[in-house]
Amino acid sequence: MGAGLDNISDGAFRGLNALRTLKLGGNKLREVPTKQLAVLPRLEELTLGQNFFTILRSGAFQGLSTLKKLDVSGAKLFTTVEKGAFSDNANLETLVLNSNKRLAVMEEGSLAGLPNLRHLMLRDNAFITFSESLVAWNELRRLDLSENPLVCDCSQLWLAEILVPRNSSPVICAEPPESKSKPIKGMTADELGCAFSDSRKQVLLVTVCTTGLGLFFGLIILLYYRYRRRVRDALKDYKWKNRAISRKEHEYQKTFSDDEYIVRSAHAHHHHHHHQTPPSQPVPTHHHHHHLQQLQQQQQQQQQHAQIAAGIKPIPVTEL
Numbered sequence: 001m002g003a004g005l006d007n008i009s010d011g012a013f014r015g016l017n018a019l020r021t022l023k024l025g026g027n028k029l030r031e032v033p034t035k036q037l038a039v040l041p042r043l044e045e046l047t048l049g050q051n052f053f054t055i056l057r058s059g060a061f062q063g064l065s066t067l068k069k070l071d072v073s074g075a076k077l078f079t080t081v082e083k084g085a086f087s088d089n090a091n092l093e094t095l096v097l098n099s100n101k102r103l104a105v106m107e108e109g110s111l112a113g114l115p116n117l118r119h120l121m122l123r124d125n126a127f128i129t130f131s132e133s134l135v136a137w138n139e140l141r142r143l144d145l146s147e148n149p150l151v152c153d154c155s156q157l158w159l160a161e162i163l164v165p166r167n168s169s170p171v172i173c174a175e176p177p178e179s180k181s182k183p184i185k186g187m188t189a190d191e192l193g194c195a196f197s198d199s200r201k202q203v204l205l206v207t208v209c210t211t212g213l214g215l216f217f218g219l220i221i222l223l224y225y226r227y228r229r230r231v232r233d234a235l236k237d238y239k240w241k242n243r244a245i246s247r248k249e250h251e252y253q254k255t256f257s258d259d260e261y262i263v264r265s266a267h268a269h270h271h272h273h274h275h276q277t278p279p280s281q282p283v284p285t286h287h288h289h290h291h292l293q294q295l296q297q298q299q300q301q302q303q304q305h306a307q308i309a310a311g312i313k314p315i316p317v318t319e320l
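Here full-length UniProt numbering is used: the first residue of the sequence shown is 1, the next is one more, and so on.
Hints should not be assumed to be uniformly reliable.
In the SDA-like style, the derived pairs of lysine to any residue whose C-alpha atoms are separated by at most 25 Å in a straight line are [unchecked claim]: (1) K182 x L213; (2) K185 x E132; (3) K28 x E139; (4) K69 x R30; (5) K239 x P183; (6) K180 x A104; (7) K68 x S99; (8) K101 x P183; (9) K83 x A126; (10) K241 x L222; (11) K76 x H119; (12) K28 x A38; (13) K180 x P149; (14) K239 x Q298; (15) K35 x F13; (16) K101 x T66; (17) K23 x T66; (18) K236 x L215; (19) K68 x G84; (20) K239 x T211; (21) K185 x C154; (22) K69 x R118; (23) K182 x P115; (24) K83 x P149; (25) K83 x G15; (26) K68 x E139; (27) K68 x Q36; (28) K68 x T80; (29) K182 x G214; (30) K180 x F127.
Derived DEER-like restraints, expressed as beta-carbon distance ranges [claimed, not checked]: (31) W158 x N116: 18 to 28 Å; (32) I8 x H119: 36 to 46 Å; (33) A189 x A234: 53 to 63 Å; (34) L222 x S168: 52 to 62 Å.
In case anyone wonders, no lab produced these hints; they're calculated from the structure. Small disclaimer: the values here were computed from a predicted structure and weren't measured. Where a beta carbon is used, it is the ideal one built from N, C-alpha and C, also for glycine.
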């Protein structure tokens with residue numbers, strides 16, 4: 001430790017199978033010596049602070065399945081923990097990442113797959129926010145998030161509630177100005193500005209409704225283009241039937257009008273003939289009887305046409 005190493009040879013730890021604790025802090029390492037450490041199957045504690053690396057990359061501690069404690073503190077250039085950085089370290093119980101002045105990013109999933117993690121130290125870094133899904137916070141026995149420039153807004157309401165039952169170091173707000181220097185522990189939704197969440201919900205609702213309507217009309221258009229021939233044929237049939245019905249009604253009305261005209265003409269002729277016949281000259285009985293039969297037939301035809309127009313089946317004369 002503190003030997004100023006900037007490189008570790010591949011076989012440096014060969015033959016140290018029983019090694020349980022290793023301290024490599026205070027050197028000039030620019031990368032985690034993943035390959036060199038992988039030959040230590042029983043390693044339980046590892047210290048890598050005060051080195052020059054900037055990122056804990058995915059699989060950085062590959063092969064260290066028995067590792068229980070990892071300390072990476074005081075690394076001035078350290079900025080990011082990648083997703084899967086501890087993917088091979090399911091037995092990790094304690095993770096200490098303190099006093100890394102540029103450490104502000106822990107990617108989503110960077111602490112996934114650590115079922116035994118109970119102690120998490122993230123003190124004095126550059127975090128302005130913490131993700132609720134970063135770790136199973138309720139499973140932690142010890143938690144230190146103090147001395148970070150935390151922005152205390154509605155996204156951190158869960159954190160204010162998580163910290164209430166814990167006797168952890170105070171987490172002080174750095175922003176916004178009205179919350180500066182106040183502990184986030186126990187802060188209410190109103191104090192964290194969650195009143196604005198209603199407008200966010202409205203925006204979300206409008207977005208969902210708009211998307212739903214867009215999908216609905218899109219489906220209608222899709223179905224129309226897929227079945228447009230059937231729709232056109234159905235419309236043509238409908239129009240043709242309407243025209244046929246209108247034409248039939250017109251014909252019935254015309255026939256009825258013609259019959260009515262014939263009957264009225266016959267009545268007028270009979271009336272005129274009756275007035276012109278001299279009183280002293282009798283009308284022949286046979287001719288009068290024949291004329292009445294014609295009138296009756298014309299009236300029957302008129303009634304039949306009227307019944308047809310009304311949709312009533314006519315009764316043959318023989319049935320009467």
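Consistency of the hints with the structure:
1. K182 x L213: violated (46 Å)
2. K185 x E132: holds (15 Å)
3. K28 x E139: violated (35 Å)
4. K69 x R30: This hinted pair holds, its Cα atoms lying about 21 Å apart.
5. K239 x P183: violated (76 Å)
6. K180 x A104: Since the Cα atoms of K180 and A104 sit roughly 19 Å apart, the hinted pair holds (cutoff 25 Å).
7. K68 x S99: Holds: K68 and S99 sit about 21 Å apart, inside 25 Å.
8. K101 x P183: holds (21 Å)
9. K83 x A126: The hint holds at about 18 Å.
10. K241 x L222: Measuring from Cα to Cα gives roughly 28 Å; hence the hint is violated.
11. K76 x H119: OK: K76 and H119 at ~23 Å, within 25 Å.
12. K28 x A38: holds (20 Å)
13. K180 x P149: holds (10 Å)
14. K239 x Q298: This hinted pair is violated, its Cα atoms lying about 36 Å apart.
15. K35 x F13: holds (10 Å)
16. K101 x T66: Roughly 29 Å separates the two Cα atoms, so the pair is violated.
17. K23 x T66: holds (16 Å)
18. K236 x L215: violated (29 Å)
19. K68 x G84: holds (17 Å)
20. K239 x T211: violated (36 Å)
21. K185 x C154: Since the Cα atoms of K185 and C154 sit roughly 13 Å apart, the hinted pair holds (cutoff 25 Å).
22. K69 x R118: holds (11 Å)
23. K182 x P115: violated (33 Å)
24. K83 x P149: Holds: K83 and P149 sit about 23 Å apart, inside 25 Å.
25. K83 x G15: Status violated; Cα separation ~31 Å.
26. K68 x E139: holds (16 Å)
27. K68 x Q36: Holds, at roughly 18 Å.
28. K68 x T80: holds (21 Å)
29. K182 x G214: With a Cα-Cα distance of about 46 Å, the restraint between K182 and G214 is violated, given a limit of 25 Å.
30. K180 x F127: holds (15 Å)
31. W158 x N116: 18 to 28 Å: holds (23 Å)
32. I8 x H119: 36 to 46 Å: Between I8 and H119, where Cβ atoms are some 27 Å apart, the hint is violated.
33. A189 x A234: 53 to 63 Å: holds (57 Å)
34. L222 x S168: 52 to 62 Å: 56 Å Cβ-Cβ, so the 52 to 62 Å window holds.
In summary, the numbered hints that this structure violates are 1, 3, 5, 10, 14, 16, 18, 20, 23, 25, 29 and 32.
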